[in-house]
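Trainee: Quick note, the sequences are listed as chains D and A, same order.
For the first sequence, this note's numbering assigns the number 17 to the initial residue and increments by one for each residue that follows.
For the second sequence, this note's numbering assigns the number 148 to the initial residue and increments by one for each residue that follows.
There may be inaccurate statements among the hints.
Said to hold, decoys possible - Taking lysine-lysine pairs in the DSS-like style, the calculated list, with each CA pair at most 25 Å apart, reads:
1) D/K131 x A/K629
2) A/K528 x D/K251
3) D/K227 x A/K629
4) A/K221 x A/K238
5) A/K851 x A/K751
6) A/K729 x D/K157
7) A/K822 x D/K157
8) D/K190 x A/K311
9) D/K251 x A/K626
10) A/K686 x D/K124
11) D/K247 x A/K626
12) D/K131 x A/K626
13) D/K157 x A/K686
14) D/K278 x D/K328
15) A/K828 x A/K810
16) A/K350 x A/K238
17) D/K227 x A/K626
18) A/K851 x D/K278
19) A/K446 x D/K124
20) A/K822 x A/K729
21) A/K635 x D/K132
22) D/K157 x A/K602
23) D/K284 x A/K238
24) D/K51 x D/K82
25) A/K169 x D/K278
26) D/K227 x A/K557
27) D/K227 x A/K851
To be clear, the hints were calculated from the coordinates, so they are not data collected in a lab.
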Amino acid sequence: MEQELNLLKENLAMELKNCHKEADVLNVKSKYVGKKSRISEIMATLKDMSSDDKRKYGSLINNTKKELETMVNDYLDNLASGSVATFDDTIMYDVTSGSLHPVTIIAKEVTDALKKMGFTIVSGPEMDSEFYNFEALNIPKDHPARDMQDTYYLDNGKLLRTHTSGVQVRAMEKYGAPLRICVPGRVFRNEDLDASHENTFFQLEGMVIDKNISIENLVGVMQELLREVFKSDVKVRLRPGFFPFTEPSYELDCSCLICGGKGCPTCKNSGWIELIPGGMVHPNVLRAGGIDPEIYNGFAFGLGLTRLAMMKYKINDIRVLNSGDIRYLENFKID
Amino acid sequence: MLISCNKLKTHIKDSKSIDWLKVWDTFTIRTAEVESVKEVGNTFDGVVVAEIKECVEHPDSDHMHVLQVDAGEKELVQVVCGAPNVRVGLKTAFIKVGGHIDNIEITARPLRGVVSNGMCCSGKELGISDDHSGILELPNDWENGRDIKKYLPIEDIIVEIDNKSLTNRPDLWGHYGIAREIAAITDHELIPLPIEEVKNDQKDLAITIKNPDLCYRYCGLKIENIQNNHTPLDMQIFLYYVGMRSISLLVDLTNYLMLELGQPMHAFDARVVKSIEVDTAKDGDTYTTLDGVERTLNKDTLMIKNGAKYFGIAGVMGGLDSEILPDTTSVFLESATFNAGSIRKTAVALGLRTEASARYEKSLDPNMTDVALKRLLYLLKIENPNLVIASNLTDVYPTKLEAGHITLHKDVLATYMGRTLADDIVKNLLEKLGFTVEIKKDVYEVTVPTYRHTKDVAIEQDLIEEIARLYGFENFEAKPLKLELTIKEHENVWSQEYEIKHLLATKYDMHEVHSYIWYETSMLKELDLEKDGIKLLGKQENNILRDDLSLSLMNFVSRNLKNYHAFKIFEIGTIFKNDDNKRVLSIIWADDEKNTERVYNEAKSVTQYLFKILKNADVSFMINKDVATYYEKALSKNILVNDNAIGKLDVLAQKYTNKLGKKNVIVTVQIDFDKYVALAKKDLLAQEVSKYPVVALDYTIILKDNKYQDLVDILDSFKSKLILKQQLVGTYENKYTIRYTLGSDTRTLEQKELQTFKERFIAHIKDNGLDIIE
């Protein structure tokens with residue numbers, strides 16, 4: 017008897033599993049708990065049983081009937097509320113997605129970090145004049161700095177900007193002091209292409225003009241910026257540099273992320289990567305921007321966005337960045 | 148620039164207490180970037196002085212000899228040697244059996260049947276010169292058997308400093324200047340250079356400067372009776388280690404002075420010198436320099452003339468006729484200072500950059516010229532004690548460069564440093580570098596030595612740099628900027644760019660690309676297109692700046708069609724129109740030709756969506772008449788917002804599409820991004836919603852030869868107050884399904900009204916000659 021009752025439950029469970037429509041369930045219901053069902057038959061035999069058997073099986077039979085009813089009703093409820101899959105719920109489609117250029121992603125991170133420190137983002141022209149690219153930045157005509165940057169000069173007397181620093185003076189003219197800006201943008205150098213050299217790449221210029229700005233502020237902003245971008249404390253060092261538009265000038269190196277500072281081809285075995293040149297804005301540059309260096313001072317820095325993207329995403333050939341090849345670019349999904 | 152630590156040690160007192168391998172890390176963060184530090188001369192051991200006592204020809208060789216050498220041991224040692232300069236009495240460098248060279252142990256072994264117990268060495272074999280013409284010839288008074296390293300500065304540390312990081316430091320283009328810097332950063336004392344004074348009790352040399360603005364100073368000295376023109380071995384090794392070839396004592400000494408003080412010098416054979424004149428050349432004249440190349444001069448080329456004839460290109464290179472010859476015993480020494488810009492221009496114009504011109508370009512200190520002469524005299528006299536000074540140290544110095552004076556304000560210094568430094572710290576830091584400091588109440592009066600005053604140190608910020616770097620950047624604390632409570636955003640171009648890029652990438656699965664600002668010549672060739680525009684100077688290829696962003700992206704389309712048959716790319720980039728920068732957003736769809744209609748209309752809906760979502764503006768498309776030759780004329784549309792053109796929709800003409808890939812369609816939208824940025828986002832306003840239910844009615848209309856626009860015109864001419872909305876909800880072949888949403892603000896529509904609407908509408912469609920499926 018017990019065996020038969022258990023078998024009934026098992027059979028019902030099996031048959032319900034195959035029911036995907038309400039009608040199917042109702043059929044199964046009448047088969048198992050309807051008037052002509054086996055359980056009804058068993059219940060009908062109850063009145064002919066001995067009083068011992070009645071005691072022994074009465075509640076078991078009654079409980080089984082209740083259980084069977086509950087099973088069917090629960091299944092019906094589930095079916096109605098949709099919690100029983102009535103279709104192939106195991107299909108996984110491939111998710112397609114577009115991509116942003118790695119430099120755009122890194123520029124967003126850097127500018128977001130700077131925005132938190134009160135910087136606003138401004139822009140400047142890619143084709144610019146010698147005045148803004150050189151003269152206004154305290155780089156006179158015969159200055160060796162014009163040698164160091166191999167410039168693309170144009171037949172209309174202008175040039176393709178060699179750095180985003182040209183926006184320094186434009187921004188000072190436009191917005192005056194105090195000023196706290198950053199300028200992500202494309203720059204151009206007359207270079208032959210190879211795995212680590214491009215003639216077209218991205219920089220980010222940063223500049224702060226205010227009263228009483230110190231080298232310590234510059235160090236503070238650099239540290240905060242790198243912490244935000246690398247999400248960890250990166251080892252940095254400052255060393256003297258030379259740029260006509262800053263005085264004092266410095267170069268900020270960070271420990272090579274490729275080799276961890278042990279030395280590798282990327283860092284030319286030095287363990288350090290030159291990352292952010294900058295310094296205190298030269299009084300002549302302030303004057304060129306119409307700002308009185310007796311009242312204001314400040315600092316400026318330039319960050320190689322392309323280089324940073326290469327370091328962060330471990331891109332070992334700079335040329336893929338301007339290749340337009342979707343096979344490389346599609347890896348840079350947007351979070 | 149290569150620097151020898153052995154040389155530096157001779158200029159610094161107690162140099163032993165400096166760790167010469169580690170000090171360069173400090174140098175990098177205090178002064179200039181060090182590229183490499185290499186130990187040299189440690190690749191061999193067991194090399195001693197040995198004297199050749201016997202020398203006989205090898206019985207079985209026509210060039211080798213069998214030598215018996217005295218290597219300081221009881222017995223003579225038998226060695227076989229193939230060098231041509233072997234002779235009895237010669238002292239040479241000898242590796243004993245058991246010694247090592249380049250990690251190879253020297254053993255006794257037979258050479259053509261004769262046992263050789265060691266090896267006599269050339270300078271090249273020991274790595275101390277590039278001379279392999281014979282074995283080393285050592286001085287006669289050196290003791291046999293003594294380690295050669297006891298006599299010669301063979302073990303050295305050679306440091307390479309990045310030239311670029313020395314651009315602004317003319318004083319660091321010689322070892323003495325580097326030594327001064329090392330002494331300052333390690334708190335050591337610099338030893339004054341030994342020099343030989345000239346009495347000046349003779350005649351001046353004939354020297355004239357015609358262009359005092361190009362030649363600041365010219366010193367000359369004539370010396371006679373120079374009998375020994377052989378360079379001592381230690382100097383040869385030094386020159387070799389720092390990348391110079393040893394030629395003869397006189398030439399080597401001029402180079403040595405350049406490497407020591409940074410002062411380029413020249414030694415002329417005094418027999419040919421008549422009178423010296425510094426003057427510019429005549430346009431078009433030619434002159435053959437020391438390297439045998441004929442150079443064309445111009446009116447800006449500064450020349451050294453001898454008796455009216457060209458004698459050398461000032462500061463760059465001398466000529467053949469003034470060379471020191473083997474029989475030269477008297478010289479005319481030149482030590483001069485020229486204008487940095489002029490030398491640089493000449494060197495660039497001639498394509499001839501020399502060690503001398505590289506230094507002159509940095510603005511050398513004119514007060515160094517006479518010191519260099521006296522120093523050279525001192526060194527020459529060691530090798531030639533009987534030399535004769537045959538002239539005054541003739542000094543033409545029209546305008547003397549005096550030491551500079553800068554007032555450094557204590558409050559400015561404190562502002563820059565972010566802290567106040569004690570007076571004695573400031574004084575000490577600057578004076579270590581050769582400045583002198585007078586402390587006053589609010590300021591420091593600083594005297595700048597001329598070797599820092601040619602251009603490098605001119606304003607008080609320059610002094611702050613000196614103080615800051617010696618103080619040590621690592622000793623600054625990081626201090627955050629104070630943040631004003633109001634941040635004024637000056638412009639939002641970048642955030643608008645990011646917003647639209649993000650939308651295109653995430654909503655439409657597009658890929659952002661970065662391209663070049665010029666047309667790639669190979670791409671124009673592939674398309675067989677000519678383009679004109681602003682040109683890059685001096686470039687034959689990739690030299691035309693683009694005026695159509697989408698066209699410039701066609702090489703990306705071509706590249707990606709090899710791997711994908713359908714894709715979407717976009718870029719916001721600069722193009723050039725009317726000599727000005729213009730920002731453009733370009734979106735390109737590449738797909739199968741059979742999908743043309745879908746892709747073309749998708750381009751329209753994407754455009755619509757961008758403006759709707761980001762600007763709350765409606766766009767319309769109007770036929771564009773002004774179409775570039777490479778786009779389909781019939782399909783070109785102007786994109787309008789508020790009746791103003793803000794962009795274009797184009798399809799690359801079939802002829803060009805076929806060149807990029809068969810059976811494709813390439814559709815592009817270009818938005819004038821400057822106008823886009825300027826377009827204000829229209830305010831979003833809440834709309835009243837009727838509280839009565841609406842009714843949706845779908846009608847499928849069958850078009851004949853018409854386009855959707857024709858249907859729209861017909862629908863628009865059907866008027867009813869009940870229409871709340873009219874949408875195209877689907878198309879199948881020529882069947883277009885239109886959904887009308889009907890309703891009223893004041894009541895629930897009655898069945899009768901709907902019936903009337905329906906009848907009127909069907910009649911309207913049929914009146915216009917179209918069929919309708921209800």
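Trainee: Under the criterion that the straight-line Cα-Cα distance not exceed 25 Å, is the pair A/K851, D/K278 satisfied?
Mentor: Measuring from Cα to Cα gives roughly 75 Å; hence the hint is violated.
Trainee: D/K227 and A/K629 were given as a pair; does the straight-line alpha-carbon distance stay at or below 25 Å?
Mentor: 11 Å, holds
Trainee: Holds or violated: A/K350 with A/K238, Cα cutoff 25 Å?
Mentor: Cα-Cα ~44 Å, so violated.
Trainee: Taking 25 Å as the top limit, are the C-alpha atoms of A/K851 and A/K751 close enough?
Mentor: Satisfied, since the Cα-Cα distance of roughly 23 Å is no more than 25 Å.
Trainee: Mind checking the alpha carbons of D/K284 and A/K238 for me, to see if they're no more than 25 Å apart?
Mentor: Distance of about 43 Å is beyond 25 Å: violated.
Trainee: Within a Cα-Cα threshold of 25 Å, do D/K227 and A/K557 meet the stated pairing?
Mentor: Judged against 25 Å, a Cα distance of about 16 Å means the pair holds.
Trainee: Under the criterion that the straight-line Cα-Cα distance not exceed 25 Å, is the pair A/K221, A/K238 satisfied?
Mentor: 17 Å, holds
Trainee: Would you check the hint for A/K822 and A/K729, treating anything up to 25 Å between C-alpha atoms as holding?
Mentor: Holds: A/K822 and A/K729 sit about 10 Å apart, inside 25 Å.
Trainee: Against the 25 Å threshold, does the CA-CA distance of D/K278 and D/K328 hold or violate the hint?
Mentor: Holds. D/K278 to D/K328 sits at ~17 Å (cutoff 25 Å).
Trainee: Hey, A/K528 versus D/K251, does the alpha-carbon distance stay inside 25 Å?
Mentor: 53 Å, violated
Trainee: Do the alpha carbons of D/K157 and A/K686 lie within 25 Å of each other, as the hint requires?
Mentor: 22 Å, holds
Trainee: Given the hint that D/K131 pairs with A/K626, does the C-alpha gap stay at or below 25 Å?
Mentor: 17 Å, holds
Taken one by one, the earlier hints fail for this structure at numbers 2, 6, 7, 8, 10, 15, 16, 18, 19, 23, 27, listed in ascending order.
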